[in-house]
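Protein chains: 4
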Amino acid sequence: MQNHQQHVQICFDCAAACEHCATACLREDHVMMMRDCIRLCRDCADFCKMCGSLTARDSEFMRQFMVLCADVCDACANECSKHDHEHCRACAEACRRCADDCRHLSASA
Amino acid sequence: MQNHQQHVQICFDCAAACEHCATACLREDHVMMMRDCIRLCRDCADFCKMCGSLTARDSEFMRQFMVLCADVCDACANECSKHDHEHCRACAEACRRCADDCRHLSASA
Amino acid sequence: MQNHQQHVQICFDCAAACEHCATACLREDHVMMMRDCIRLCRDCADFCKMCGSLTARDSEFMRQFMVLCADVCDACANECSKHDHEHCRACAEACRRCADDCRHLSASA
Amino acid sequence: MQNHQQHVQICFDCAAACEHCATACLREDHVMMMRDCIRLCRDCADFCKMCGSLTARDSEFMRQFMVLCADVCDACANECSKHDHEHCRACAEACRRCADDCRHLSASA
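Residue numbers (this note's numbering), protein chains in the order written: chain A, 1 to 109; chain B, 1 to 109; chain C, 1 to 109; chain D, 1 to 109.
The shape of chain A in the complex, shown without the other chains:
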């Protein structure tokens, strides 16, 4: 239960970082270079919001969802880590943390 509450917060923190990063990328001069980042942040924000919701509501599907959510977070973290912007760095970190916690919780009984 304690673990679940923490996971919910980690998911929503990641969603917030992704929403912020997508907007900030759209405002960069070199928006062309940020296409993949915007695209992945859009997906990752939605996955993390849903992962947080399913966990908070103790859904029977939350563990299967976490497995997929971890992959989306990985993809977003990998793309964000290619860029030097502070919002990308923060987003990559939030995504890695969320991916780790998704894998950890989905593996627990």
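Calculated from the structure, these hints are not laboratory results. Predicted model only: the values in this text are computed from it and were never measured. It is possible that part of the hints are untrue.
Since the list can't tell identical chains apart, any single copy or any two copies may satisfy a pair.
[Said to hold, decoys possible] The calculated SDA-like cross-link candidates involving lysine to any residue, where the alpha carbons are at most 25 Å apart (straight line), are:
no.	residue 1	residue 2
1	Lys82	Glu60
2	Lys82	Asp58
3	Lys82	Asn3
4	Lys82	Ser108
5	Lys82	Arg96
6	Lys82	Arg35
7	Lys82	Phe61
8	Lys82	Arg27
9	Lys82	Leu105
10	Lys82	Ala107
11	Lys82	Asp100
We have chain A; now place chains B, C and D onto it with these hints.
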């Protein structure tokens, strides 16, 4: 900006409390008495997730949304405060905090 | 592309049926008997909205998501088909159609 | 009720058009020119999904939400109509239809 980050967290905390409360209400023996609570928690969870997202992405519509979100949070807080369950008490508190912060931020320039 | 447009509509139709069914279940006299239906409709509505969105935006994660979405739709259809309410019958039908289309599309190259 | 079912479909059609338009804009060569379109499609997709959901679940907040949703649809339609891409034209049309229906329904008793 600092205020916005804090608001995002308050919104997502409220969404988590509402998702949890709706599930817990469905598991109560007297689920009949919890209908309104489940209904309002369902709406409030969605409003607060969206409010957190719009704030994190710095949407031009966030202030108008906060005004409406505050009303939804009030309605949910009022219903939850009629019940003695710990999940209802926690949800009412999260809703009131979110309503206050929505009103505070939407009124700021 | 044609198939994708159709899938988006099937997903959103299912989401609408689930949202409607959850509300209608909450209004039934024997809400106690409808707990599982409400719980599953809540999850299924969110999964189908996300499945429709990922498909409409041509997300690289849509096929993996469809596999999981099909399972959620099955679970909701199975529960809804236990009840005689018209909203449950309509929801079960929408869920089965969505599960089929998720499996069909996720298997296509 | 008939009107509500139709509104749900109009909302979800608009959400699908916005999700598709945002992705297509990100793939255009002149992505720089499409920033505002991507930003507004992102918001409008979320508003329309929520408007469809609130209507399908017969939420007490749906009318107030429609008023705001109509403004978001207008803003997205105005931006999309500045561009010649087929996805922008289709999105503008879906947004106008949704804005009209939101205003029509929110004004009805």
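Comparing the hints with the structure gives:
For the identical chains of this complex, Lys82 and Glu60 are inter-copy neighbours only, at 19 Å across copies versus 36 Å inside a copy, given an alpha-carbon limit of 25 Å. Only between protomers do Lys82 and Asp58 lie at most 25 Å apart by alpha-carbon distance; the minimum there is 23 Å, versus 35 Å within a single protomer. Within a single copy, Lys82 and Asn3 get their C-alpha atoms no closer than 31 Å, and across copies no closer than 29 Å, so neither meets the 25 Å cut-off. Taking the shortest alpha-carbon separations for Lys82 and Ser108, neither the intra-copy value of 32 Å nor the inter-copy value of 32 Å comes in at or below 25 Å.
For the homomeric pair Lys82 and Arg96, the shortest alpha-carbon distance inside one copy (14 Å) is at most 25 Å, but the shortest distance between copies (39 Å) is not. In this assembly of identical chains, Lys82 and Arg35 lie within 25 Å of each other by CA distance both inside one copy and across copies; the values are 12 Å within and 21 Å between. When the C-alpha separation of Lys82 and Phe61 is checked against a cutoff of 25 Å, the pair qualifies only between copies, where the shortest distance is 21 Å, while the shortest distance within a copy is 33 Å. In this assembly of identical chains, the alpha carbons of Lys82 and Arg27 lie at most 25 Å apart whether taken from the same copy (17 Å) or from different copies (19 Å).
Neither within a single protomer nor between protomers do Lys82 and Leu105 lie at most 25 Å apart by alpha-carbon distance, with minima of 28 Å and 32 Å respectively. Proximity of Lys82 to Ala107 under the C-alpha cut-off of 25 Å is found in neither arrangement, the shortest distances being 29 Å within a copy and 32 Å between copies. For the homomeric pair Lys82 and Asp100, the shortest alpha-carbon distance inside one copy (20 Å) is at most 25 Å, but the shortest distance between copies (39 Å) is not.
In summary, the numbered hints that this structure violates are 3, 4, 9, 10.
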